[in-house]
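Enquirer: What follows is the residue order along each chain.
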Amino acid sequence: MSSQASTPQAPAAGHGAQGPAHWQPYALVFGALLVLTAVTVGLSYVDVSKAIGMPQLGRAANIVAGLLVAGLKASLVVWIFMHMNHETNTNRFILVFSLVLLGVAFTVLSMDFVWLGTYAQGAVRAALGGS
Amino acid sequence: MSDESQHHAILSPAFHADRRNLRAMGMWLFLGSEIMFFTAFFGAYIVVRSAAVGSVAMPLDKVLGALNTVVLITSSLTMALGVMHSKRGERKETGRYLAATFLLACVFLVVKAVEYTHHFEDGVFPSHDVFHGFYFLLTGFHGVHVIGGMIALGILWNRNRRGDFDEHYNDPIEMTGLYWHFVDLVWIFLFPALYLL
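In order, the protein sequence lines correspond to chains V and E.
This note's numbering puts the first residue of the first sequence at 1, with every later residue one more than the last.
This note's numbering puts the first residue of the second sequence at 1, with every later residue one more than the last.
Chain E with its partners taken away, still in its complex shape:
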């Protein structure tokens, strides 16, 4: 047990709960601003698709899109289990699930890179048409969010290995979990909007 976690052990449960709830409030405010960020792009996409309803033959590979959906949903499961173990103070299991989440994020980005490579080989770039402009914009910003989450996961994995977290103090893992589930949520809407509908 590190000095930091010994320090947390002597604080009252009410203190831990208050601190956790305030941190969660900060994270939810951030996620609220993230919802607005994606609302802007989704809204523009709605306008364009409404104008061209019926005339867009969805050109993307449904199989790769569905595969990436399964990958991200699975990473949400491993993240939730990591948070659960961190709240029990089980360091080894927490580390394993954080690593699994990181690896699944890598798989997601590899599949996305395969898709992008196919587009580029076919000569399809963001300027190809309005649909592909939105496709690259939305999946690109989503991919940046995945990379940001992976950086956070890497830092957390190291801090967890170092012994910064225990059953009293694990807020950073839970808050990163909220962010990670949000990234999954965005994809849950991007997948049907871009690949299927």
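Chain V extracted, bound-state conformation:
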């Protein structure tokens, strides 16, 4: 579409994806993804809870940090590689709604462990063979 005289620029957001007409944004995201992969591997050798001065968090700090980096990588892929920056609002809604459902599922599952605590953990451990 970039070759058409009537549309010299990429269409405005929310009117269907055309994506960048040049390779530079893709190369930039690619570089960022490589750096973030190195960061996430590096984090696995560090005790994040001690690094941020909250040792009581233990392993949870590493898990949260790792998932934050993965979320950042995923956002870059969705926004640039998958053209969400130019996508129609209908298609944006479908993605957001799916992610909301994902959030509901993970929240409900996690509540078992946050609120029921040792009872739920014991029940799962028992189901796993009492390890």
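Since the hints were derived computationally from the structure, they do not count as laboratory data.
Note that the Cβ used here is the ideal one computed from N, Cα and C, for glycine as well.
Some clues are possibly wrong.
[As the list claims (entries may be wrong)] Partial pick of chain E residues on the chain V-facing surface, computed with a CB cut under 10 Å:
| # | residue |
| --- | --- |
| 1 | Ala24 |
| 2 | Leu29 |
| 3 | Gly32 |
| 4 | Ser33 |
| 5 | Glu34 |
| 6 | Phe38 |
| 7 | Arg49 |
| 8 | Thr69 |
| 9 | Phe182 |
| 10 | Leu196 |
| 11 | Leu197 |
With chain V fixed as given, assemble chain E onto it according to the hints.
Expert: Chain E only, in chain V's frame:
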């Protein structure tokens, strides 16, 4: 230029945009259902890991996992560039980037096969423990998605060579690109969840 692409050239830009947006909607609905598919397995994995927090010594090879992450990210780049060239109607470049994406998918599966072989040689099968049950389940389903994407890439490469696509009509390449990036996305979460955290 094939008959099919000549046919597309006489249609209005608005028609092409509408058709593309509807196809993208179908693909995003499919990807939404795929998110739910992996949510089920990830959710079960969260429950198991929450119950055993601190007691799992991650047994997988971080180097091979990171290597495969780089391979898949690179394949996402080549896919995005293939889509970009297909939208410009540049057939030769499109074909090259589709082929590169296919080859990188092969590399990913070879590395995965090396990992699986190591596990089997060590006598580690899905029934070894709960962690490995999830490991084989999640990476296995992800691998099936990679193979499915490779089949689509092969078909597209042939259709592109045949001249089915031009700057007016390239929806199948863009939609396969969306699917391929999704496969990359799943791995972006699988890698830390299974290898690192």
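Enquirer: Next, verify each hint and record whether it holds.
Expert: Hints versus structure:
Among the interface hints, the one on Ala24 of chain E holds; its C-beta lies about 5 Å from the nearest C-beta in chain V, closer than the 10 Å criterion. Checking Leu29 of chain E against chain V by beta carbon gives a least distance of about 6 Å; that is within 10 Å, so the hint holds. For Gly32 of chain E, the shortest C-beta to C-beta distance to chain V is roughly 4 Å, which falls under 10 Å, so the interface hint holds. Checking Ser33 of chain E against chain V by beta carbon gives a least distance of about 8 Å; that is within 10 Å, so the hint holds.
At a threshold of 10 Å, the smallest CB-CB gap from Glu34 of chain E to chain V is about 9 Å, leaving the interface hint in force. Because the smallest distance between the Cβ of Phe38 of chain E and any Cβ of chain V comes to about 9 Å, under 10 Å, the interface hint for this residue holds. The criterion of a C-beta within 10 Å of any C-beta in chain V is met by Arg49 of chain E, whose closest approach is roughly 9 Å, and the hint holds. A cut of 10 Å between beta carbons decides the hint on Thr69 of chain E: the least distance to chain V is about 5 Å, and the hint holds.
The closest approach between the C-beta of Phe182 of chain E and any C-beta of chain V is roughly 8 Å, which is under the 10 Å cut-off, so the hint is satisfied. Interface hint at Leu196 of chain E: satisfied, since its Cβ lies 4 Å from the closest Cβ of chain V, which is below the 10 Å cut-off. Below 10 Å, beta-carbon pairs count as interface contacts, and Leu197 of chain E has one with chain V at about 5 Å; its hint therefore holds.
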